[in-house]
Amino acid sequence: MQTMKIGNNEIVLLGTAMPPELPEGSHVMTATIELPPGDPGTPPHRHSGPVFGYLLEGEMIFELEGEPERVIKAGEAFWEPGGDVIHYRSANNLSDRVTKFLVVMVCAPGQEMLVLVSPEELEQRKNRRSNRPN
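Just so it is clear: in the sequence shown, position 12 is 30 by this note's numbering, and no numbers are missing.
It should be emphasised that the hints constitute simulated quantities derived from the structure, not laboratory data.
Fair warning: there could be bad hints in the mix.
[To be verified] Pairs of lysine to aspartate or glutamate, EDC-like flavour, derived with a Cα cap of 16 Å:
(1) Lys91 with Glu52
(2) Lys144 with Asp102
(3) Lys91 with Asp114
(4) Lys91 with Glu75
(5) Lys118 with Asp57
(6) Lys144 with Glu87
(7) Lys118 with Glu77
(8) Lys118 with Glu75
(9) Lys144 with Glu85
(10) Lys118 with Glu52
(11) Lys118 with Glu94
(12) Lys91 with Glu77
(13) Lys144 with Glu83
(14) Lys91 with Glu81
(15) Lys144 with Glu81
Work out the full structure, taking the sequences as your base and the hints as a guide.
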């Protein structure tokens, strides 16, 4: 993390990303998502545009296609590019506490913000998934 001062304000940079150019007609949604203790999260899916997130409380197991799963903790930022990349997991890593995060999602024009991936497509793309811990 990087900290900078602008006037009397301290700004803490949590992360940076270079999303693709946004097509005209895109819209942005901001939401909080709360996962009950041990919740597995949304089944494998993809987003029509990039998603930027910040974990407010708890811990989340996060896995994108082509990347190993990792645990994101409160105070950490994350992002995913959207488009063709499958988002496999965003599960609550804690069995005794709620996990809550904030997301800013860019939605492509005329497309759904979130689309579940079929079992057939998961099978076809299984070679793109990183090895997972046992």
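Violated constraints from the hint list, given by number and in increasing order:
Hint check: nothing fails, all pass.
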